[in-house]
Amino acid sequence: MTVTPAIEIQDLHKSFGAVQALDGLNLTVRPGEVAGFLGPNGAGKSTTIRVLLGLLRPDAGRVGLLGGDPFAQAVDLHGRLAYVPGDVTLWPKLTGGEAIDLLLRLRGVKVDRARKERMLQRFELDPTKRAGTYSKGNRQKVALVAALSADAELLVLDEPTSGLDPLMEAVFQDSIREATAQGTSVLLSSHILGEVEALCDTVTIIRNGKDVQSGTLAELRHLTRSKVSAVVTGDVGVLESLTGVHDLLVSDGGGAGTRVAFHVDDDALPRVTKALAGLEPHGLTVEPPSLEELFLRQYGDELERLEEAPAGRS
Amino acid sequence: MTTTALPAVPALERPALALRGAFAGTGDLLRLALRRDRVLLPVQLVVCALLFVSTLSSVSELYGTQEQRDTIQGTLVANPAFLVLLGPYENTGSVASTVSWRVGIFMITVFGVLAVMAVVRHTRKEEQLGRLELVRAARVGSLAPLVTGLAVGAIFAVASGVLTAAVVWSQGPSAGAVALGAQVLGVGLAASGIAAVTAQVASSSRGANSLGVWIVIGGYLLRGGADVDPDALGWLHWVTPVGWAQQIDPYGANDYLPFLLCVALFVVGGLAAGWLTLHRDLGAGLIAERRGPAHSTSLTSTSALVARLTRSSFVIWAVSVGVYMFFVGYLMATAGTMVTENEQFAQYVTAMGVQGSDIAAGFAALIMSWTAYAGAGYGVTVVQDIRTEEALGRTEATLATRVSRTRYLAAWLTGAIGGAVLLLGLAGLALGAGNALSSGTSWGDSIADGLGAAVVHVPAVLVVIGLTSALFGWFPRLVGLGWAVIAASFLVTLLGSLLDLPDAVTDLSPFAHAPAVPAVAWSDVDWAPLGWLLLIAAAFLALALAGFRRRDVPVV
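Protein sequences, first through last, are from chains A and B. Residues in the first sequence are numbered from 1 upward in steps of one, following the working numbering. Residues in the second sequence are numbered from 1 upward in steps of one, following the working numbering.
One chain only, chain A, in its complex shape (with noise of 0.2 Å):
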C-alpha cells in the first residue's frame, strides 16, 4: 500500500539572482509524522517552507503538498493546513484576538470560540492588547493560538519557538503532542534540537540548500559514534587494537582498576562489548551521540572555520 506522504520535496532547486538557496534538496514527511527540519540560518529552510506554501516557484525539482502542487492549488491545500512563521508581524491596529480570528477566518475554519479561550489560557496571551504593543514572544503566541485553535491535516512551523519562554516551550510541546494524537503531520524546522528530540520522528539536517543526512533518530544515531566509559581490570591493549574504537584514554581508577573512555563505531560495537566483558567492566555506561552532536558533526568542519576565524579587531 502507497500512502500519499504529507510533503514529498525531490531534487529541489531555488535561486535568488546569484544566490543558490537550494540546492537539490529532498524532503519527505509521511502522514501522522513529526519531521524536524534541521539548519542554520540561511541554510534554505524557510526559503523550502515558502515553496510548499506556494509562495515561491521552485526552478527545478518535484514538490508534492498533502498529495496536491503546491502553487497551482495554493489556496485549497491552504483550507488544510497550518502556518506559524518564524517571525510574526501583525497588524498593529488589531488586538491580538482580532488577529487570531481573522488568521482563522481566512483559512476558511469557523471559529470555535471555547477551543480558542483553551489555548489563550494555556499560552497566557492577552488577547485585548493592539498587536503593536506585543513583544515577540507575544506575537508568536498570537501565531501559535491561530494555528492550533482548529484542527489541521498538517502543520508547518517555522523556528516557532523562537522567543518563548522554557515554560511555554513546554506548553508549546504539550499542544503539539495532543495534535499529532489526532493524527496531525508536522512539520518543524527548528535551532533548539531539544525540541526536536523530544517531540520528531525523523529529522532532516540540510546544508547549503542540500539535505545532509536524513532518517528517524534512531537511524541517524547508527551513523555516528557513540561514547563508552568504565573501569576496567586487565589489559586494556586489547581494546587499542579494536578496529572501530577512537580517541582511547586511560586513566588511573582510583584502586578500582583503570579507567578508560573512548568513542566507538555503531558497527563495531558489538565486538567492542565482547571484548570488554573480558575486563571485567564496572560503572559502564554507553551513551548514544546527542543531536547536537549529529548536527555538530555535519557542521564541524564550518564550525572549525568559525573558531578558527580572527576574532575581531582587540
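Keep in mind that the hints were calculated from the coordinates and are not lab data. One thing to keep in mind: the hints can contain errors.
Claimed, not checked - Okay, derived cross-link-like pairs now, PhoX-like style, lysine-lysine, Cα gap no bigger than 20 Å in a straight line:
| id | chain 1 | residue 1 | chain 2 | residue 2 |
| --- | --- | --- | --- | --- |
| 1 | A | 227 | A | 274 |
| 2 | A | 136 | A | 93 |
| 3 | A | 129 | A | 93 |
| 4 | B | 125 | A | 136 |
| 5 | B | 125 | A | 93 |
Starting from the structure of chain A, add chain B where the hints point.
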C-alpha cells in the same frame, strides 16, 4: 542577607536626573538623520520653492502695475471667502508683496506641517519602531534623539525660510522679503517645538503627527476667523504660530515681535519635551494605548481587513478634501460675480487656467483638477500599503491561508480604487453643496455639476493607480515611483504654461485629458481620450494581477 557589600541606593528618590551625558551622541544621530532625509527634505524644499516661483510669474503678469493691484484690492477688500483663505490684501505696493498675500499664509502652514512630520520622524517614530532602544543602549544620551529631531526641524525651517526669502528677494531687495522668510522660519521653528511635545505625549508616530499637524492647521483656520471679523475675533490671531506669523505682516509692518513669540515656542516646546523625556520611560507616552476587543466578528475576509486597515487614513483624506471643496464651492458664486464686475479679476482667473465663459464653472473645474491629484495620491498610498504588508511578512501570512493571490490583490486594489473614486465623489458633493448654499442655485443642479466635475477625472486617477499596481505586480520594490508619476504630472502642468512646453509633453500627463466640466458642456466633451485612459488603466490592472500571480512572495 548579605546586601551590605552593595552600594546603597536611595530607596524612594529617583536617581538624580543629571544632564551630564544626556546629549552624548547627538552629533552622530544628527548626521544619520540628515543622511536618511537627504532626498526627502531637498525635494520638499524644491517643490515648495517652485510653487512660489510659479505664483511670482503669474502675479507679475497680472498685477504688474500699481493700478492693477489697487483695482483688485478694491474688489477683494471685504470678501469673507478670500479673507478666510488668503487673509486681507493690504500691502499692494509690489509684485512681491502680492505674492506674499496670494500664497504666504497657505505656504507657511504647509512648511509648518512638514516641520512637524520631520521632528516626529526622528523622535517618536524611531522610538515606536524600537530602533531607539538599540540606539539608546549605545553611548547615546537620553536627550540626544530629541535634540536631533529638533535640530532637523530647525534646519528645515531655516532652509525653507532662506529659500522663500531668496525667491522673493529676486524681485528686488526689500525688508518685506526678509520678513516673509521670517514668517516661514518662525512657523517652522514653532511647529518643531510643538511636534517635540506631541512626540512625547502620543505613544505612536501617527498620533504625534496628527496632533501636531492639527495644531498647525487649526492655527490657519482660527486666523481665518480673525481676518473675517477682526473686531470680535481679532484675538484669535494671537493664539497660534500661524496667527503670530501673519502678524509679522511682511511688506507692511515688518514687525519681528511675533517672530520672537515663534522662537520662544520653539524653546519652550523643546524644554518641555526634554523634561517629559527625562521623566518618562522609553516607549511610553502620556496617552496610553487603549485595550481592544478579544474577538472579532467583522474581520471575515481580506476585503474586510483592507477596509479596516485603510479606514482611518481614508477618513483623514476625505475630511480634508471634503472641507476644502466645500469652501471652494462656497466661493464659486462670489468668484463669478467678481469676474463680471472686474475685468482684472477675469484675467487673473483665466491665467490660473480657468476655461470657458462661465467663470464660476471654470473655477470649479480647475480646483477639481487639483483634487484629482489627491485621489491618485490616496490610491498610491494604498498600493504602497500592500508593499509594506509584503515587506513585513503579513502578505505571506495571509497567502498561507485559503486566500488566493488574485483575491488578495483584488481586495487591495478594490480598496485603492474604491477609496480614490469615493474621494472624488465626496469632493464633487462637497463642491456642489457649498455652491448651492451660497449661490441659491438648485441643490440638484449644483450637486450634478460638482459630481460631473469630479467624475471626469476618474480615468486619469485609475491610470496612476493601475501603473503603480503593475509596478507592485512585477517590480514591487519600485512602487514608490507612483509618486514620481504624480509629481511629474503636476510639474508638467505647473510648468507647462510657464515654459510654453509643447502639447506632446504636457499630454504625457494622464491628468491633462479631462474636460473642464462643468465649464464645458457634456455635449461638447470629447470622450475618446477618457476611453483610452480607461483602457490603459484596465491593461495596467490586468498586468498587475498577472505579475502578482506568478511572482515570488515576498520579494525582499
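Hints and how they fare:
{"no.": "1", "hint": "227(A) - 274(A)", "verdict": "holds, 16 Å"}
{"no.": "2", "hint": "136(A) - 93(A)", "verdict": "holds, 16 Å"}
{"no.": "3", "hint": "129(A) - 93(A)", "verdict": "holds, 10 Å"}
{"no.": "4", "hint": "125(B) - 136(A)", "verdict": "holds, 19 Å"}
{"no.": "5", "hint": "125(B) - 93(A)", "verdict": "holds, 15 Å"}
Every hint from the earlier list agrees with this structure, and none is contradicted.
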